[in-house]
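Protein chains: 2
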Amino acid sequence: MKFATLKNGHRDGSLVLVSRDLNSAVSLIDHVPTMQCLMETWAQWEAPLEALYQDLNDGNCQQAFAFDSSLVMAPLPRSYQWCDASAFLNHGELLQKAFNLPPQAEMETIPLMYQGAADDFLGARDDIRLPTEDHNIDFEGEFAVMVDDVPMGCSSTDAAQHIKLILLLNDVSLRGFIQREIQAGFGFLQAKPSTSFAPVAVTPDELVDGWRNERVCLPLNIEWNAEWFGSANGEEMNFSFSDLIAHAALTRKLGAGTIVGSGTVSNRDTRKGSSCIAERRALDMIQEGKPKTPFMSFGDRIRMEACLPDGGSVFGAIDQYIVQENVNV
Amino acid sequence: MKFATLKNGHRDGSLVLVSRDLNSAVSLIDHVPTMQCLMETWAQWEAPLEALYQDLNDGNCQQAFAFDSSLVMAPLPRSYQWCDASAFLNHGELLQKAFNLPPQAEMETIPLMYQGAADDFLGARDDIRLPTEDHNIDFEGEFAVMVDDVPMGCSSTDAAQHIKLILLLNDVSLRGFIQREIQAGFGFLQAKPSTSFAPVAVTPDELVDGWRNERVCLPLNIEWNAEWFGSANGEEMNFSFSDLIAHAALTRKLGAGTIVGSGTVSNRDTRKGSSCIAERRALDMIQEGKPKTPFMSFGDRIRMEACLPDGGSVFGAIDQYIVQENVNV
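As you go down the protein sequences, you meet chains D and W in turn.
The numbering used here puts the first residue of the first sequence at 37, with every later residue one more than the last.
The numbering used here puts the first residue of the second sequence at 37, with every later residue one more than the last.
Heads up, a few of these hints could be off.
Claimed, not checked - Simulated DEER-style distance windows between Cβ atoms:
{"#": "1", "chain 1": "D", "residue 1": "E144", "chain 2": "W", "residue 2": "V359", "range": "28 to 38 Å"}
{"#": "2", "chain 1": "W", "residue 1": "G325", "chain 2": "D", "residue 2": "Q80", "range": "58 to 68 Å"}
{"#": "3", "chain 1": "D", "residue 1": "K133", "chain 2": "W", "residue 2": "E169", "range": "35 to 45 Å"}
Unchecked claim - Here are a few chain W residues that sit away from chain D, every Cβ distance over 10 Å (derived from the structure):
{"#": "4", "residue": "K43"}
{"#": "5", "residue": "N44"}
{"#": "6", "residue": "H67"}
{"#": "7", "residue": "N96"}
{"#": "8", "residue": "Q99"}
{"#": "9", "residue": "F213"}
{"#": "10", "residue": "G223"}
{"#": "11", "residue": "G291"}
{"#": "12", "residue": "E324"}
{"#": "13", "residue": "D336"}
Think of the hints as simulated: they come from the structure by calculation, not from any bench.
Computed from a prediction, not measured in an experiment: that's the story for all the values here.
Think of the CB as a built atom: it goes at the ideal place given N, C-alpha and C, for glycine as much as any other residue.
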């Protein structure tokens with residue numbers, strides 16, 4: 037199944053079920069009005085929604101309407117929890133090598149993960165509004181999962197059953213703050229403005245063979261200003277999404293609707309490109325002695341999409357612009 | 037005004053207005069059913085609720101019932117954002133001195149702040165359920181504010197008007213994870229299980245002269261197993277709550293219901309005691325060469341309260357026990 041949230045003037049939007057080909061949708065307002073509601077009542081709605089989804093895909097749903105991905109909010113427009121990992125070790129290793137950073141202790145056994153701001157997620161076509169280019173604007177292409185209620189101490193094995201939906205996101209980052217915030221040890225705050233999500237969140241079966249070992253084994257295609265930037269595959273993730281959920285739940289339960297992210301998708305084969313500018317700059321440094329690739333400018337366009345081998349778009353595309361917000365800074 | 041959220045079997049509970057003396061309450065279910073709803077519609081409800089509050093305090097509210105603080109959830113049982121600072125520099129300085137930690141760069145000009153988990157706040161009388169004592173269980177007494185919508189780039193001067201409610205909280209911490217998580221730079225995740233809040237959230241005028249310069253200028257009285265542990269005053273906060281809001285909003289807007297915390301309340305006068313065990317252990321180290329005070333055990337009781345000079349309890353008391361959660365760890 038595929039789900040989207042349409043703008044309706046309210047903070048939580050209106051949940052719709054979207055056809056596999058992303059061409060049509062049906063409102064769920066009379067059943068499960070919002071994505072948060074769906075995550076809290078998943079067991080109750082899974083079977084009837086599967087039947088409705090079948091009808092929608094077969095063209096037998098009378099209430100169906102054309103799905104317009106320019107009208108979406110994030111699938112979950114605001115969440116009570118957003119935990120983002122850095123589960124592709126290749127990414128961190130490249131940055132360490134390029135900039136002579138100290139190695140992370142236990143990085144191969146304990147995932148790096150931070151709490152992210154979850155009160156203001158952006159839709160796939162929303163502008164990314166930021167105060168200044170001087171903060172070194174970057175994108176980060178990631179996959180993520182959304183869970184139902186996870187009990188404290190949930191094992192990695194048990195965590196798999198709590199993965200209900202998979203998402204594609206742009207973890208917008210301001211690199212100018214990263215070094216200070218990492219050194220302070222308190223994690224990212226000013227470095228991580230609002231995060232953007234692809235139009236639809238999908239059940240794991242929508243990935244067909246692309247969902248293996250609780251990893252999204254598909255290339256994440258990124259175009260920056262209409263030029264290819266990367267198509268790194270999620271299969272190289274060093275920790276599975278189940279591992280990440282178990283890490284987050286070690287000392288506390290996780291509320292339904294918690295989103296757990298992979299961190300920047302990164303592959304060892306440099307021909308796959310990168311999923312963020314910071315990594316490309318690390319490769320510049322390693323290959324040419326200095327970081328050549330600039331950060332983003334106002335007016336820049338960023339596009340992210342993941343497709344099945346047959347070309348079908350799994351999540352729809354993130355396709356958005358960087359725009360200056362008028363603030364007194 | 038004072039507000040509490042009563043348990044009603046739903047995740048967001050039921051909002052009530054509580055009398056100044058904490059003896060009676062009136063349901064707001066027909067107007068603003070939840071605290072999140074109140075924070076999103078504050079401007080609309082402030083005046084009529086002030087009138088109702090007057091009647092409640094005067095004993096002229098026919099729908100009033102006895103307020104039982106054993107039935108509360110956190111005032112906001114789950115939030116879309118919880119940003120916690122470390123705004124009492126004395127606390128960090130003591131830990132640095134005791135354990136030879138490297139000094140934080142710019143600590144006097146840029147507040148330390150982390151994103152906290154906000155999906156599962158505990159009520160004032162809820163048990164604190166944790167998997168093992170081996171994680172070094174600690175409490176942290178803090179004050180916090182709750183805001184309405186804050187625009188990106190909000191100045192410290194403008195931030196004051198967004199402070200709608202003030203809270204008292206126990207930022208439960210697992211010290212066994214702190215060092216690794218700070219060194220990793222990604223902030224606190226396993227080190228910060230669910231946070232507890234005092235029964236009522238109050239408007240700043242309820243503090244009378246105790247609200248000055250956007251600081252809670254009242255002692256935070258802490259008893260651990262019925263013995264005095266500290267009564268540090270919030271007036272020594274090095275950054276005001278307005279400063280903290282402006283820090284959090286530099287690169288993004290903050291959604292209504294965002295909670296911003298002070299960090300452990302800490303005073304330079306050691307006769308005021310401490311608001312967490314970690315600081316007491318730092319003082320042990322400085323004064324006696326080794327940390328003597330143990331961390332918490334299952335069955336321990338922690339009580340926190342802040343009172344006006346006339347003895348009136350501002351927020352009601354946090355009064356809870358540490359209990360073992362049965363998990364497979």
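Hints, verified against the model:
no.	hint	verdict
1	E144(D) <-> V359(W): 28 to 38 Å	holds (34 Å)
2	G325(W) <-> Q80(D): 58 to 68 Å	holds (60 Å)
3	K133(D) <-> E169(W): 35 to 45 Å	holds (41 Å)
4	K43	holds (16 Å)
5	N44	holds (15 Å)
6	H67	holds (18 Å)
7	N96	holds (36 Å)
8	Q99	holds (29 Å)
9	F213	violated (8 Å)
10	G223	violated (2 Å)
11	G291	violated (3 Å)
12	E324	holds (27 Å)
13	D336	holds (17 Å)
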